[in-house]
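Just so you know, the sequences run in chain order A and B. The first sequence begins at 2 in this note's numbering and counts up one residue at a time. The second sequence begins at 46 in this note's numbering and counts up one residue at a time.
Calculated directly from the structure, the hints in this document are not laboratory data. C-beta: ideal position from N, C-alpha, C; glycine also. There's no promise every hint is true.
[Stated by the list, open to error] Cut-off 25 Å, straight-line C-alpha distance, at most; resulting in silico cross-link-like pairs (DMTMM-like, lysine to aspartate or glutamate):
1. B:317 <-> B:296
2. A:472 <-> B:321
3. B:48 <-> A:191
[Stated by the list, open to error] Pairwise CB distance ranges, derived in the manner of DEER restraints:
4. B:161 <-> A:114: 34 to 40 Å
5. B:241 <-> A:63: 55 to 61 Å
6. B:54 <-> A:185: 49 to 55 Å
7. B:161 <-> A:185: 53 to 59 Å
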Amino acid sequence: MFFISLQYLIFFVLVVCVFFALPHRFRWIFLLAASYFYYMTWDPRYALLLVTTTVIVYVTALLMQNRPAGTRKLLAVASLVANLSILFIFKYYNFFSGSLNDLFSLIGLNYSVPSVSLLMPVGISFYTFQALGYTIDVYRGTREPERNFGIFALYVSFFPVILSGPIERSTTLLPQLYQKTEFNYERVTDGLKLMAWGFFQKLVIADRLLEYANMVYANSSMVKGMPLVVATYFYMFQVFCDFSGYTDIAIGTAQVMGYRLLPNFKRPFFAESIPEIWRRWHMSLIMWIRDYIYIPLGGSRVNRPRWAFNIILVFTLSGLWHGAQWTFVTWGLINGVIIAISRMTRDMRNWVRETIFGGIMKITPAAYFSLSAACVAVAALGGAAGIAGIAGRAAAGVGGLAFLGIGVLRTRERAYGTFVNGLKKFWMIFVMFQLFAVSAVFFKAKSMAQGWYILSHFSTSNIPHLFLVAKPMDFIITIFLIVFLLTIHYIQATRGSIRQLVKTKPLLLRWAIYYLLVMSIIAGMRQSSGFEYFRF
Amino acid sequence: MKKLLIKSALLVLLVVSTLIGVIYFMPADDNLYLAATLDKHRLLDEVPQPRIIFTGDSNLAFGLDSAMVQRATGYNIINMGLHGGLGLNYYLDELKPHLKKGDIVIIILDYQNFFFDGGGANTLVEISIFNPKILLYYSPKGYYNYLISLPLAFQRRLRGVVSSAGGDMAFLRSNFNKYGDNVGHLNMPQPKLLVFKRPMPKKVNDNMVKIYNDFYDTWTPRGVRVYVSFSPLLIQDRKEQTEALAELYGDMKKRLKPAVIGEPTAFMYPEKYFYDNLFHLNAGGRRVRTADLVRAIKKIPELASVPSR
Numbered sequence: 002m003f004f005i006s007l008q009y010l011i012f013f014v015l016v017v018c019v020f021f022a023l024p025h026r027f028r029w030i031f032l033l034a035a036s037y038f039y040y041m042t043w044d045p046r047y048a049l050l051l052v053t054t055t056v057i058v059y060v061t062a063l064l065m066q067n068r069p070a071g072t073r074k075l076l077a078v079a080s081l082v083a084n085l086s087i088l089f090i091f092k093y094y095n096f097f098s099g100s101l102n103d104l105f106s107l108i109g110l111n112y113s114v115p116s117v118s119l120l121m122p123v124g125i126s127f128y129t130f131q132a133l134g135y136t137i138d139v140y141r142g143t144r145e146p147e148r149n150f151g152i153f154a155l156y157v158s159f160f161p162v163i164l165s166g167p168i169e170r171s172t173t174l175l176p177q178l179y180q181k182t183e184f185n186y187e188r189v190t191d192g193l194k195l196m197a198w199g200f201f202q203k204l205v206i207a208d209r210l211l212e213y214a215n216m217v218y219a220n221s222s223m224v225k226g227m228p229l230v231v232a233t234y235f236y237m238f239q240v241f242c243d244f245s246g247y248t249d250i251a252i253g254t255a256q257v258m259g260y261r262l263l264p265n266f267k268r269p270f271f272a273e274s275i276p277e278i279w280r281r282w283h284m285s286l287i288m289w290i291r292d293y294i295y296i297p298l299g300g301s302r303v304n305r306p307r308w309a310f311n312i313i314l315v316f317t318l319s320g321l322w323h324g325a326q327w328t329f330v331t332w333g334l335i336n337g338v339i340i341a342i343s344r345m346t347r348d349m350r351n352w353v354r355e356t357i358f359g360g361i362m363k364i365t366p367a368a369y370f371s372l373s374a375a376c377v378a379v380a381a382l383g384g385a386a387g388i389a390g391i392a393g394r395a396a397a398g399v400g401g402l403a404f405l406g407i408g409v410l411r412t413r414e415r416a417y418g419t420f421v422n423g424l425k426k427f428w429m430i431f432v433m434f435q436l437f438a439v440s441a442v443f444f445k446a447k448s449m450a451q452g453w454y455i456l457s458h459f460s461t462s463n464i465p466h467l468f469l470v471a472k473p474m475d476f477i478i479t480i481f482l483i484v485f486l487l488t489i490h491y492i493q494a495t496r497g498s499i500r501q502l503v504k505t506k507p508l509l510l511r512w513a514i515y516y517l518l519v520m521s522i523i524a525g526m527r528q529s530s531g532f533e534y535f536r537f
Numbered sequence: 046m047k048k049l050l051i052k053s054a055l056l057v058l059l060v061v062s063t064l065i066g067v068i069y070f071m072p073a074d075d076n077l078y079l080a081a082t083l084d085k086h087r088l089l090d091e092v093p094q095p096r097i098i099f100t101g102d103s104n105l106a107f108g109l110d111s112a113m114v115q116r117a118t119g120y121n122i123i124n125m126g127l128h129g130g131l132g133l134n135y136y137l138d139e140l141k142p143h144l145k146k147g148d149i150v151i152i153i154l155d156y157q158n159f160f161f162d163g164g165g166a167n168t169l170v171e172i173s174i175f176n177p178k179i180l181l182y183y184s185p186k187g188y189y190n191y192l193i194s195l196p197l198a199f200q201r202r203l204r205g206v207v208s209s210a211g212g213d214m215a216f217l218r219s220n221f222n223k224y225g226d227n228v229g230h231l232n233m234p235q236p237k238l239l240v241f242k243r244p245m246p247k248k249v250n251d252n253m254v255k256i257y258n259d260f261y262d263t264w265t266p267r268g269v270r271v272y273v274s275f276s277p278l279l280i281q282d283r284k285e286q287t288e289a290l291a292e293l294y295g296d297m298k299k300r301l302k303p304a305v306i307g308e309p310t311a312f313m314y315p316e317k318y319f320y321d322n323l324f325h326l327n328a329g330g331r332r333v334r335t336a337d338l339v340r341a342i343k344k345i346p347e348l349a350s351v352p353s354r
């Protein structure tokens, strides 16, 4: 049962109605049953693994209480090994056996590691990490072991998060499962609005972007240049809208019932560096990795080479977490390497940037006016002088106007300062975006060979082929949707929550906005093929 | 809670009114292809027994010469074939109010159907624009698919897809003859044939099997005889196709309760017999296919000719 199905809407309405109709003491039992029912709609057999993980983690945590440090450590390791083994067998075994076989054949060894035919349970990476986090919390003494098995089982299987997160923490979600929540109109409607925005992101934006990206990537060997670049850009926005849409539906669902889940995204496309984007993208996973892997490895308290190694290691592991394929590992590795390099070159890059933009700050108005005049001269006389063709003259004309405008701006110190700062920010976001795009190629590619092919064919222009797989109007709508998304993010960044903003508007306008949101979902939704992150 | 329920109900009402308004009240040309459903339903009411009702997708609309079958068997023929987007569920649902004891139903679906669950898609909504009464006869699965198809139907109506006839003269209600065959394409110049390598199913989707068998179980005790047969298939990789068809045929014989008429390999044809796509036959193809179908029907004693009273 996908979040974006009619079944889920019916399930959601029923669950919420029954939830609020029940006395508080019975709610967790009902939510547990609903969560297992929801999970089992995918395949009832999946529940066996979920129960196994739940029992192992619950029992080992209970046994840890009041035991000597050595025993606690042993129990924690046992729980980790057991759960990671389950994850390994169901998700990674075939990847490793296949890779070993490739290696053996490469070195001429005639030995074959057998593969297994197992069904990978949906959401296994998410609930396993959530359960492991609890084990580590109890081991560290951050929290007491949970005594109520049912509540703990609900923590592991809570239906809004079980399939694709956010990866919750025992210290935040578990206590909430005990708290009594009343029906609160503001909170419930806020949750519903968040869900509606999630549906919009997923059904209207993500699924539309995916059509183009899929079409180009499926035929990547036949295209080169711009279609590959644009498909990769579209895919970055697609993955964001897909996962952020899912997360908003999950958070909204939980919020309706009075539970607060961790945020997963914070306008990542406004990040000014790769390290920053990773503080804004899939935040619950990154925080999990930070707290349970990166910091125990020494965090930033170790020497620089060790730190760089740690960063590359955790990002490579994060890639592996996403999927049992070398493409995902490469994606994680690229991000780790970029972060390590970016930290090591931070001072130098800052110096270069400040020098360039500091230099731009010092350009005089006269210089801009001269540039403008030169451009206008090329535009007016370039044809006769044989310097530029029609396109070149048009570009020179536009350039002349732009320099004239900047020259005028330059006469007003403060406005010019804001402009140059904006330019600097834009440049940093632009560079971040390109670097992230390089790694995204491997996130989307089916194989390493395809990833390399796409990267190595990025550089040709080939603009006419942009419309081979999409009608110009569809292309324009897609671009419009991306701009719309970024505008929403910009408003959120500068003026705060859109939902709060809308609340301050007159009733008629509010209703018009809600109505338009629902109608635009219906009018703009595409045939959906499910969520990207479900395969992880 | 009450406040939320009232406001939600109001919003739902607004949204549903918009959907219904756009889908059902925007003008739609009466001569559109799908509007032929009205004539086909009239045939179900008016054509006397003994009769054979062919039901299925557009392979029947474009590729069956009912007059030839009528001449060969003596049965009155009704060709209900219309559109592949309606699904097996619909083809059988729409017969429900019209079936009479003694009727013979022959279901012929394109092979593509066997991959899916027989539920149908947006066409379920679009056909109800012309024949809203049909909504009364949808099965629960039909209603479910109708509901989830509303957004796409809404989008198509906004884009004017179901508004005016005349885009392609082969697809008009007025092209259907007195049996329900589409004859508009027979004298039209051969368009470029859209060919793609089609995957072949080796078994029938489990849900489809259930729909076939439920229909059989419901209507056979009421004196309706139910059969299945095969749609035309473009020869692409004959060996591969023959192997797949052999498996599919075995599966159908094993799991479907309705008797199977003919063998699928008897309905494989070269490109020259196809009209605009892999599902539609041209005049020559229609003739050959119908002749093959008649041969297969003749091998079933109770269908070979009208039994004497």
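Q. What hints, given by number in increasing order, does this structure fail?
A. 1, 6 and 7
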